[in-house]
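Taken in sequence, the protein lines are chains A and B.
For the first sequence, position 38 matches number 38 in my numbering, and the numbering has no gaps at all.
For the second sequence, position 635 matches number 635 in my numbering, and the numbering has no gaps at all.
Please keep in mind that the hints were generated in silico from the structure rather than gathered at the bench.
Be a bit skeptical, because a hint or two may be false.
[To be verified] The calculated SDA-like cross-link candidates involving lysine to any residue, where the alpha carbons are at most 25 Å apart (straight line), are:
no., chain 1, residue 1, chain 2, residue 2
1, B, 376, A, 54
2, B, 154, A, 53
3, B, 497, A, 43
4, B, 497, A, 36
5, A, 42, B, 410
6, A, 41, B, 294
7, A, 42, B, 613
8, B, 613, B, 681
9, B, 154, A, 31
10, B, 497, A, 40
11, A, 42, B, 298
12, A, 41, B, 146
13, B, 303, A, 30
14, A, 41, B, 242
15, B, 497, A, 33
16, A, 41, B, 236
17, B, 95, B, 110
18, B, 9, A, 36
19, A, 42, B, 318
20, A, 41, B, 159
21, B, 590, B, 274
22, B, 497, A, 15
23, A, 42, B, 238
24, B, 603, B, 410
25, B, 575, A, 15
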Amino acid sequence: MLKFIKHNMDTIAGIGIFPLISFIIFFLFFIVLFVWVINMKKTEIELLSNLPLNADDQVNSELTNNTPNS
Amino acid sequence: MNNNTLIEKFSYDNNIVRLFANATMFWGITGMVVGLTIAFQLIFPSWNLGIEYTSFGRLRPLHTNAVIFAFVGNGIFAGVYYSLPRLLKTPMWSKLLGKINFWGWQLIIVSAVITLPLGYTSSKEYAELEWPIDIAITLIWVVFGWNMFATILKRRERHLYVAIWFYIATFVTVAVLHLVNSFALPVSFMKSYSWYAGVQDALVQWWYGHNAVAFFLTTPYLGLMYYFVPKAANRPVFSYRLSIIHFWALIFLYIWAGPHHLLYTALPDWAQSLGVVFSVMLIAPSWGGMINGLLTLRGAWDKVRDSVVLKFMVVAITAYGMATFEGPMLSLKNVNAIAHFTDWIVAHVHVGALGWNGFLTFGMLYFLWPILFKTKLYSQKLANFHFWIGTLGILFYAIPLYWAGFAQSQMWNDFTKDGFLVYPNFLETVTNIIPMYMYRAVGGTLYLIGAIVMVVNLILTAKSGTFVREEHAEAPALVPLSKNYKDEHWHRWFERKPTQMLIGSLIVILIGGVIEMVPTFLVESNVPTIKAVKPYTPLELHGRDIYIQEGCVNCHTQMIRPFRSETERYGEYSKAGEFVYDHPFLWGSKRTGPDLAREGSAKLRKPNSWHFKHMYDPRSVSDGSIMPAYPWLLDKSYDTTMTAAKIRAMITLGVPYAEDFPEKANADIERQANEIVESMRDLLEEDGFEVAPDREIIALIAYLQRLGRDIESKETNEK
Numbered sequence: 001m002l003k004f005i006k007h008n009m010d011t012i013a014g015i016g017i018f019p020l021i022s023f024i025i026f027f028l029f030f031i032v033l034f035v036w037v038i039n040m041k042k043t044e045i046e047l048l049s050n051l052p053l054n055a056d057d058q059v060n061s062e063l064t065n066n067t068p069n070s
Numbered sequence: 001m002n003n004n005t006l007i008e009k010f011s012y013d014n015n016i017v018r019l020f021a022n023a024t025m026f027w028g029i030t031g032m033v034v035g036l037t038i039a040f041q042l043i044f045p046s047w048n049l050g051i052e053y054t055s056f057g058r059l060r061p062l063h064t065n066a067v068i069f070a071f072v073g074n075g076i077f078a079g080v081y082y083s084l085p086r087l088l089k090t091p092m093w094s095k096l097l098g099k100i101n102f103w104g105w106q107l108i109i110v111s112a113v114i115t116l117p118l119g120y121t122s123s124k125e126y127a128e129l130e131w132p133i134d135i136a137i138t139l140i141w142v143v144f145g146w147n148m149f150a151t152i153l154k155r156r157e158r159h160l161y162v163a164i165w166f167y168i169a170t171f172v173t174v175a176v177l178h179l180v181n182s183f184a185l186p187v188s189f190m191k192s193y194s195w196y197a198g199v200q201d202a203l204v205q206w207w208y209g210h211n212a213v214a215f216f217l218t219t220p221y222l223g224l225m226y227y228f229v230p231k232a233a234n235r236p237v238f239s240y241r242l243s244i245i246h247f248w249a250l251i252f253l254y255i256w257a258g259p260h261h262l263l264y265t266a267l268p269d270w271a272q273s274l275g276v277v278f279s280v281m282l283i284a285p286s287w288g289g290m291i292n293g294l295l296t297l298r299g300a301w302d303k304v305r306d307s308v309v310l311k312f313m314v315v316a317i318t319a320y321g322m323a324t325f326e327g328p329m330l331s332l333k334n335v336n337a338i339a340h341f342t343d344w345i346v347a348h349v350h351v352g353a354l355g356w357n358g359f360l361t362f363g364m365l366y367f368l369w370p371i372l373f374k375t376k377l378y379s380q381k382l383a384n385f386h387f388w389i390g391t392l393g394i395l396f397y398a399i400p401l402y403w404a405g406f407a408q409s410q411m412w413n414d415f416t417k418d419g420f421l422v423y424p425n426f427l428e429t430v431t432n433i434i435p436m437y438m439y440r441a442v443g444g445t446l447y448l449i450g451a452i453v454m455v456v457n458l459i460l461t462a463k464s465g466t467f468v469r470e471e472h473a474e475a476p477a478l479v480p481l482s483k484n485y486k487d488e489h490w491h492r493w494f495e496r497k498p499t500q501m502l503i504g505s506l507i508v509i510l511i512g513g514v515i516e517m518v519p520t521f522l523v524e525s526n527v528p529t530i531k532a533v534k535p536y537t538p539l540e541l542h543g544r545d546i547y548i549q550e551g552c553v554n555c556h557t558q559m560i561r562p563f564r565s566e567t568e569r570y571g572e573y574s575k576a577g578e579f580v581y582d583h584p585f586l587w588g589s590k591r592t593g594p595d596l597a598r599e600g601s602a603k604l605r606k607p608n609s610w611h612f613k614h615m616y617d618p619r620s621v622s623d624g625s626i627m628p629a630y631p632w633l634l635d636k637s638y639d640t641t642m643t644a645a646k647i648r649a650m651i652t653l654g655v656p657y658a659e660d661f662p663e664k665a666n667a668d669i670e671r672q673a674n675e676i677v678e679s680m681r682d683l684l685e686e687d688g689f690e691v692a693p694d695r696e697i698i699a700l701i702a703y704l705q706r707l708g709r710d711i712e713s714k715e716t717n718e719k
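All chains should be built: construct the whole structure from the sequences, respecting the hints.
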């Protein structure tokens with residue numbers, strides 16, 4: 001099964017292309033991720049950040065009623 | 001939400017949360033008691049009690065498994081079973097699966113409590129449990145994941161909050177880690193040999209071991225942090241953007257860090273370098289998590305003053321930041337050269353374990369109990385006492401061990417101006433740090449006292465309230481998404497699609513593992529063959545299995561690093577090719593005792609009788625030694641009915657014994673065992689010992705006397 005890819009590892013010469021390819025892939029991935037995260041709308045951010053606090057659960061009802069919770 | 005949306009009523013199951021939380025506390029106390037016991041054993045060897053079941057080598061894995069899988073494990077389940085339904089506005093998909101998850105997990109823990117002291121162990125750190133239990137772990141983990149994913153799929157809240165991505169990544173990665181590292185060939189019901197050998201086994205083990213830290217101790221707890229800290233502070237997380245970036249960066253980078261456990265060992269240099277570089281890069285996403293957690297409290301720090309829950313959480317996150325800075329620093333080769341094999345590493349582990357995992361668990365429990373029992377916390381004073389004594393405990397634990405680690409490392413490296421070791425006797429470097437072990441035991445005691453105080457406080461809290469078994473809730477049914485959902489940020493697409501999230505996380509975490517491990521299997525030059533290295537004899541194999549059974553690897557290493565201080569003390573540094581038949585590898589992580597890689601070599605070899613007496617009572621030949629006594633090795637016999645099966649297993653794994661050797665192996669054992677007995681019988685019988693060739697001690701001596709001998713033979717590689 002490995003014979004299809006083994007030949008890539010026959011010699012150490014020129015092995016540097018593999019880490020280079022990996023680096024480029026991940027550098028690009030994170031650059032794109034970073035740019036798109038920067039461009040997220042503030043309204044969206046607020047909506048998502050407040051998900052645990054939006055819940056209509058016991059905690060939030062207690063907090064709203066100013067019951068000390070610690 | 002428009003008026004046409006149906007409001008659905010349902011309830012959250014708090015019973016399963018309570019069950020898991022109770023288990024967290026029970027096993028937390030148990031695991032800490034075992035930890036304290038072994039801490040005392042290092043100061044007072046008599047605490048080993050001279051019986052096999054309570055010896056350090058067998059109890060230490062019980063401690064690590066208990067605190068990681070029983071304490072933190074149940075803590076994860078408690079937190080997930082509470083937060084996941086509330087974040088998704090839907091109860092867990094199946095109460096039955098929850099029960100199976102709970103009881104199955106506790107049964108696994110109980111089987112660990114039984115099997116580990118009995119000596120059934122694979123020797124691989126944090127994966128010591130033998131293969132039948134490994135299968136059980138797989139099944140229960142699948143049950144957990146199934147329940148979690150089914151819940152996600154039937155959610156009423158479309159968007160997956162950040163905590164849930166961490167839960168998904170945890171599930172997927174732990175599954176991969178467990179499966180790959182547990183590949184073993186069973187020999188009998190409770191015995192197996194690692195599929196991998198030597199260098200490859202070391203790499204797989206520490207790819208697993210470090211990622212057990214990453215994806216069992218870190219990612220699920222980051223998920224819990226992202227839920228419970230905003231809840232406790234009643235403020236949203238500091239930066240959602242940051243959470244996206246640090247999530248993907250963390251799960252991608254963490255996987256590669258494994259080799260930092262193997263710096264300056266026989267692991268190929270390129271793999272070591274990858275481990276170093278990725279470990280250093282890991283500071284960024286880790287601190288992203290810390291920053292997000294701490295700055296959630298920006299503008300609300302006054303709340304921390306009055307809230308013991310927030311106090312625990314703040315210290316937990318700070319400890320996380322400290323440990324995730326120290327870790328990358330320890331991954332630098334020059335720092336690692338000092339710290340590896342010393343108590344510095346133990347200190348590092350416990351800053352993370354006691355500070356991050358322990359304190360976040362405590363914060364979560366103090367938060368949950370008043371809610372679950374609809375009452376106030378029984379005693380704020382006791383809770384605050386716990387906070388302060390726990391914090392003090394962490395300091396008393398870590399600081400003495402930093403001192404001990406550094407001091408011992410310096411002593412190992414100390415040379416006279418003529419170039420000789422100042423401390424050629426390893427034991428001297430141990431006795432010098434015993435006072436530090438005493439302070440550490442004080443630290444552990446303080447921490448345990450705090451935990452006990454918490455349990456009492458929470459029991460009294462429960463008694464003073466009424467348990468809310470089912471918490472009623474209501475939420476609108478999920479609105480079907482129209483296909484033209486414009487203006488949507490791309491990551492929101494991911495957040496809507498948990499399956500893609502799971503597959504995406506899976507791909508990301510597989511990359512590091514594949515790139516680091518596959519070449520060591522394919523490229524022969526990574527593990528150069530040494531012609532002189534031969535398989536173990538059958539008697540030595542039995543001895544090796546006894547070495548594994550007694551947990552010798554917990555205190556002794558078999559990996560001489562290429563430093564002059566090591567070659568002077570132990571002999572030639574260890575080469576990758578020497579370990580090709582080692583299923584599993586036994587390089588070890590800690591030198592509480594000396595390295596044994598060349599214990600049988602001309603330089604270090606001791607008479608057979610020395611080993612006999614040393615195992616029987618270490619202090620009779622090494623005054624001041626803290627090694628446990630192993631008198632049962634003189635009475636118990638190794639099992640020759642297993643010999644053929646063991647050899648056959650090794651042949652299957654690629655060790656070049658002759659095909660017909662399994663049947664002839666016992667004759668070989670008899671011959672070698674008799675030789676050893678004859679060499680020391682007279683001397684020992686004078687001292688009143690009974691010496692017989694079938695005893696475990698004989699096999700162990702055979703193994704120890706073989707270590708490091710192969711490369712001394714005249715055979716060389718023909719080129």
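How the hints compare with the structure:
A C-alpha spacing of about 23 Å is found between residue 376/B and residue 54/A, which places the hinted pair at or below 25 Å, so the restraint holds. Taking the CA atoms of residue 154/B and residue 53/A, the gap is near 21 Å; set against the 25 Å cutoff, the hint holds. With a C-alpha separation of about 21 Å, the suggested pair residue 497/B and residue 43/A falls inside the 25 Å cut-off, and the hint holds. Straight-line distance between C-alpha atoms of residue 497/B and residue 36/A comes to about 18 Å, which keeps the hinted pair within the 25 Å bound.
Proximity of residue 42/A to residue 410/B is assessed by CA-CA distance (about 54 Å); at most 25 Å being required, the pair is judged violated. Between residue 41/A and residue 294/B the alpha-carbon distance is near 23 Å, which keeps this suggested pair within the 25 Å criterion. Between residue 42/A and residue 613/B the CA atoms are separated by roughly 73 Å; this puts the pair beyond 25 Å, and the hint is violated. Among the hinted pairs, residue 613/B with residue 681/B is consistent with the structure: their alpha-carbon atoms are about 12 Å apart, no more than 25 Å.
Only pairs whose Cα atoms come within 25 Å are accepted, and residue 154/B paired with residue 31/A is rejected, the gap being roughly 34 Å. Taking the CA atoms of residue 497/B and residue 40/A, the gap is about 18 Å. The hint holds against a cut of 25 Å. The straight-line distance between the Cα atoms of residue 42/A and residue 298/B is roughly 19 Å, inside the 25 Å bound, and the hint therefore holds. A threshold of 25 Å between alpha carbons decides the hint, and for residue 41/A with residue 146/B the separation of about 34 Å lies outside it, so the pair is violated.
Restraint check for residue 303/B and residue 30/A: the C-alpha separation of about 36 Å exceeds 25 Å, so the hint is violated. A threshold of 25 Å between alpha carbons decides the hint, and for residue 41/A with residue 242/B the separation of about 14 Å falls inside it, so the pair holds. Restraint check: the Cα-Cα separation between residue 497/B and residue 33/A comes to about 17 Å, which is no more than 25 Å; the hinted pair holds. This hinted pair checks out: residue 41/A and residue 236/B have alpha carbons roughly 16 Å apart, not beyond 25 Å.
Among the hinted pairs, residue 95/B with residue 110/B is consistent with the structure: their alpha-carbon atoms are about 23 Å apart, no more than 25 Å. Note on residue 9/B and residue 36/A: the hinted pairing is violated, with a Cα-Cα distance of about 37 Å set against a maximum of 25 Å. Pair hint residue 42/A plus residue 318/B does not hold up; C-alpha atoms about 28 Å apart against a cutoff of 25 Å. Distance check on the hinted pair: residue 41/A and residue 159/B sit about 15 Å apart at the alpha-carbon level, within 25 Å; holds.
With a C-alpha separation of about 23 Å, the suggested pairing of residue 590/B with residue 274/B holds against the 25 Å cut-off. Note on residue 497/B and residue 15/A: the hinted pairing is violated, with a Cα-Cα distance of about 37 Å set against a maximum of 25 Å. A C-alpha spacing of about 13 Å is found between residue 42/A and residue 238/B, which places the hinted pair at or below 25 Å, so the restraint holds. Simply put, residue 603/B and residue 410/B have alpha-carbon atoms about 23 Å apart, close enough for the 25 Å limit, and the pair holds.
This hinted pair checks out: residue 575/B and residue 15/A have alpha carbons roughly 23 Å apart, not beyond 25 Å.
In this structure, the hints that do not hold are numbers 5, 7, 9, 12, 13, 18, 19 and 22, in rising order.
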